[in-house]
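Trainee: Following the hints, put chain B in place on chain A, whose structure we already have.
Residues per chain are reported as follows:
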Amino acid sequence: MSQPLVQLQNVDKRFGSQTEVLRGVALEVQPRDTVAVLGPSGSGKSTLLNIIGGLLPPSSGKVLFDGEDLQGRSAKQLAALRNREIGFIFQAHHLLPQCSALENVLVPTLVHPPGDLRTTAPDRARALLEEVGLGDRLQHRPGQLSGGEQQRVAVVRALINQPRLLLADEPTGSLDEEATDHLGDLLCALNQRHEVALLVVTHSRRLAARMQRVLTLRDRSLHEDADTAQ
Amino acid sequence: MNGWLLALRGMRHYWRTHVGVLLGIVCATTVLVGALSVGDSVRLSLRNQSLQRIGQFSSVLAAGDRFVQADLADRIGNHTKGLCVPAMMLPGVAASSDGASRTGIVDVFGITDGFFAMSTKGSARPAPGTGEAILNERLALQLQAKVGEEIVVRIEKPSLMPQEAAMATVDEISFALRVKVIDIVAEDEFGRFGLRTSQVPPFNLFVSLAWLQEELELPGRANMLLTDQSAESAYDALKATWQLADAELQLTNRNDDTVTELTSTRIFLDQAIADAAQQLVPDALGVVTYFVNSLKTESEATPYSMISAIGPLDGRVPTPTALAATRALAPTSLGANQLICNQWLADDLKLQAGSSIEVAFWVMNSQLQFEEQTRSFTVHSIVPLAGAAADQSLMPAFPGLAEARSCRDWDPGVPVDLQQLDDNDQKYWEQHKGTPKGFVTLATGREMWSNRFGTLTSVRVAVEHRTRLAAELTNNIEPRALNLFFQDLRGPALAGGMPATDFGSLYLGLSFFLIIAALLLAAMLFAFGVEQRHTEIGTLLAVGFEPPTVRWLFAREALVLATLGSAIGAALGASYTHAVLAALDTLWRDTIGQTTLTAHIVPGTVAVGASCAVVAAVLAIWVAMRRAFRKPAVELLSANAGTDQPTAGTTWLRRAVALAALFGAIWLIARAQPHRATSAFFGGGALLLISILVACRDLLARSKAGAHLRSVATLAVRNCSRRPGRSTATIALLASGTFLVVAIQANRLTPPTDPTERSAGTGGFTLFGRTTLPVLRDLESDVGREAYGLDDDELEQVAIVPMRVRNGDDASCLNLATAQNPQLVGVRPQAFAERECFRFTRNEAKQNDTDNPWLLLNKDYGDDVVPAIGDGGSVAWALHKKLGDSLTYRDEAGNDFQVRIVGTVADSILQGNLVIADHHLQQRFPSASGYRMFLIDAPPERAEQVTNDLSRALLDVGLELTPTTARLAAFQSIQNTYLVIFQLLGGLGLLLGTAGLGVVVLRNTLERRGELATLRAVGFDHAAVRRLVFCEHGVLLLLGLIAGTAAAALALLPALGGERAMPLTPVLGFIATIAISGVLWVWAASVLATRGGTLAGLRGD
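Chains as they are written, first to last, in the working numbering: chain A, 6 to 235; chain B, 259 to 1359.
Pulled out of the complex, with its shape left as it was, chain A reads as follows:
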């Protein structure tokens, strides 16, 4: 077995002195894995995602990305990690209303220094948007796209820097069933084609069933969910 892409070792997370959200969480995500984390509202799923993505530090325990402890990284290094290695997909997608679909996808490339990566980004963006079926909507603003289309733009934005890990926080939370299925197909296809690991936090068993592994966040810790896993 190769080194895990992401490793959580006995991670706790508390807010203030009273509120314990995660306790003793352990998790390994291998490259190209697809993992779903189920759990009811307020169970700490988003917190778990934010800790993995370096947006929140754990109260105790270790978070390793590619074998390296995130605790030791500076804010600048964490930002670079989120930019190059990790892609985020939010429930509310958070597209910039003032930018077109293509421009929204290119936003994460703005932090690159001028060079090949930046120069080739527009072509890559167009190709990805084409891939997700939005080739003819490149110049449309978010307000001109449907909910599902907006979410697809958000997915492409998360992929533009060729990350090794995609973190999706309730990506289908505001979609209907059909759109949920489509998004699920898309995520799985992207996982295969771009060899990107996928960690999806959701309360949709339908979506969770599409992943290789399903975990449940219950009583502040993660458990394997044999019922839903493929």
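Keep in mind the hints are simulated off the structure, nothing from the lab.
Predicted, not measured: the structure shown is a model, and the values here were computed from it.
You may find that some hints are simply not true.
Calculated pairs, DSS-like style, for lysine-lysine (alpha carbon to alpha carbon, straight line, at most 25 angstroms) [said to hold, decoys possible]: (1) A:81 to B:889; (2) B:691 to A:67; (3) B:1104 to B:1140; (4) B:1140 to B:1117; (5) B:379 to B:404; (6) B:438 to B:415.
Away from chain A, derived, C-beta distances all over 12 angstroms, residues of chain B [to be verified]: (7) 383; (8) 733; (9) 1028; (10) 1121.
If you anchor each label on the Cβ, the simulated ranges turn out as follows [what the hints assert, rightly or not]: (11) A:72 to B:865: 57 to 63 angstroms; (12) B:271 to A:77: 36 to 42 angstroms; (13) A:36 to B:979: 50 to 56 angstroms; (14) A:178 to B:825: 28 to 34 angstroms; (15) B:1268 to A:72: 40 to 46 angstroms; (16) A:80 to B:274: 30 to 36 angstroms.
Heads up, the beta-carbon is just placed ideally off N, CA and C, and yes, glycines get one too.
Mentor: What follows is chain B alone, placed relative to chain A:
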């Protein structure tokens, strides 16, 4: 895709918010650029006026009461290869031909063709002809005179003899001319011509030099030379080309052409001339002849005779033969108290050798009062009335005597009783004229009769020295020793053209509130917009943007807005400048007096102003929006982003501060000194404001959950405590602005209710007087009153303190330009000291010194230092000096000396002048004859009668009397007007601030959309929610206004009572305007913020 494109996208999308930001920046830049341009306009207007004043002339010889030959101008011009024109400058008064309009202090200029060609405009206008005059616009307006009409001008008649010399006459010091106005010149055609720095245009009248010379009986004479050369070059040319006649000297052969006599048309020879003559001709004889009142023995008396004092200028040098006979009239053996009389006198008084004789004579003391002095002599010997002893030419051409054919025609400048003269005296006069009847030594004569105008009436030399004297005497005299020197015009004009106050900074300060309010509003709107885009910020952070990069993205938007706004504002700045200048020309006229200002927009200033506005705007926005970037991405991306939890404060510390401030206010007010009441109450008001604000903060912080909510209003008050810091900041801004703008009125100056109060700015005097022509006698003496036709009854209970004036620049706040050489006023220090008048702010008297500080004017500070006392405001703001500082002056002998500030008085009618001891002024400026400024002690109820009587008596010298309270009010109106300007501009800033309150409403409300949507969901209708929001912020508005007003009321307490109570209506009107504006903005924002559906709010859209 790049950062700039992203920034531009954001700007376009959020244009609604950015419009407000842009407008705020435009407003701030307009005011900033406009204020700076006001400064440029004032500066350049004054500069232009200064240059208009002097035209193309670079230096001037202003000889005052000395008259050079007019053709000296040609000699100097030829020598320098430049231009030099002669002119005459005399003071006068003018009136319309029907007497309906009058004006004093007219500058009358006798000019030649070519004068106007040297004006800024360079017109070819010729000089007026005989009987004609050209007026400047100000004089024409004052007299309502038009071209073709006639006016009457009374001009000071130059006295060949110094006017204050005892023998100078009082009568005929002026003469009247009726002239026809042929033209009126504008300011660029020497309408502003003058030698003094002032932005107030003078009253100028131009006549033909030739005609003026004729009227004055001074053919070929001028007392002013104007040249386009530098002062140094012109002076060098003067030294090289001047002649005896230019120094008013003449050489006359006497005694059958064996003796040459050097005399002056000014009667007395300056010491410099005597010294030069002695140096050239060491064996010269000096003579001083004097008109004595009487020569008396115990039983006999001879009235009104001449006595000559004769002696060698250098006692070591033998007297030449030609002068021996004259020398013998006062031989070496003659003692100091011995007198040689002629036979006629000996017969008249029955004298013989050894007889005692008393000589009585008038001298003029420093207060222009005649003092009779006596001296006893012993008759040394008697000489026959023949030969040298019968030399009529020993008597100089005393005015009123020399031309008299008979004793009865005498009209000397001293009091004489012609009844004392008998036939014998008449016969003597007819036969011998003013032949001296007695002779004393030169030393004795100098001792008795020397004065500041000279010590000799003639110098006699052997005729063989005549040529040498004629050729070389001028080489041995420095012209400047005779007050003949060129002074630089251009340098002082340019320096004087600088405003005493930096008007750019001044109006920037006055507009401070407006600029800050506009920038704050722009910053708040921008920050509000940024906070609305919190998810955008969170997303960017989440996708790997570092916080500085995200901040820079938004900063780019701010930079673009700031640049655009500044560009528009810079263009509009000219409008603000024009608006301010228009206001200065009308409503705020008091602050600029008679100055005419024109707008000057300097590109460099506009660029600087716009750049500063960009920097200020970006900084303000940066500071305002930094809070939005402190939160982590997770929080920004959450639905609750933008809501903060209130933080607990330190209660005990707040209460301690509030109490301390309150006690501080009480302490300050309780200890306030009467003359410092204003600053004490202002400070007390400020402390009270702090106390109230801290109390408000404490009140808001203490509002706890769990208390019973009785109504929507109670809920509104509770909601204010949700963000106590923000609420207090809102209250504090409104309160501080209200306090400052209202309470500044406490500094309003008012004249004293009792002008006779000695410590008031009036000095206890009721009237202030100025004359154009000098008053040559003491008006408190019988002689003086008689000379001017004043009745003792008219002046009962009236005391007059006269002051000599040395013309100079006006250093009062009425003069915008920098005063280079402030006007000097000479007073007898005792006159002020014994009255203890005016209140000193600072002086150099030692702590244990009990003498009145006015006596510092008599203190010896060294040979070339003259102590002076000035008005504190003038010294600080017009002269930019302080206690102990000095200014350099040049006296009439051409020597530089220092005028040192040894004391300052508060808010006085002396503003604009520096007061020195009279004896200093006489010593340094002998030509400053007579008194031209008066402070009059009179019972206030008789002020009008005294004014009428004095004005009638002194009509010919152009007396203008002003109540001291009116003069003080004129000075005070300037400061008061600045207060009004500050309040107006500050008020505009506050109005803009109330718009900021609207932004606060929007911000607070949109943060809590979910909460307000919930209220709607549970049954609050639209109007109730709007009412709730309105009440919540209305409370802040109300608290802010109450706090500010209460504190301001305390600060204004001293100004609210008494006869000169400050009018309350404008203050109340201002507060009402702020309140109404605040209510309108809060209401509008409440309506705007509570639009939108309930569901949208519940969903967080």
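Trainee: Give a verdict on every hint.
Mentor: Hint-by-hint comparison with the structure:
1. A:81 to B:889: holds, 16 angstroms
2. B:691 to A:67: violated, 130 angstroms
3. B:1104 to B:1140: Satisfied, since the Cα-Cα distance of roughly 17 angstroms is no more than 25 angstroms.
4. B:1140 to B:1117: holds, 19 angstroms
5. B:379 to B:404: holds, 22 angstroms
6. B:438 to B:415: holds, 20 angstroms
7. 383: Nearest chain A Cβ is 70 angstroms from residue 383 of chain B, so the label holds.
8. 733: Non-interface label stands for residue 733 of chain B: nearest chain A Cβ at 85 angstroms, farther than 12 angstroms.
9. 1028: Residue 1028 of chain B is indeed farther than 12 angstroms from all Cβ atoms of chain A, at 73 angstroms.
10. 1121: holds, 75 angstroms
11. A:72 to B:865: 57 to 63 angstroms: holds, 58 angstroms
12. B:271 to A:77: 36 to 42 angstroms: holds, 39 angstroms
13. A:36 to B:979: 50 to 56 angstroms: Holds: the Cβ-Cβ distance is about 54 angstroms, inside 50 to 56 angstroms.
14. A:178 to B:825: 28 to 34 angstroms: violated, 46 angstroms
15. B:1268 to A:72: 40 to 46 angstroms: holds, 43 angstroms
16. A:80 to B:274: 30 to 36 angstroms: holds, 34 angstroms
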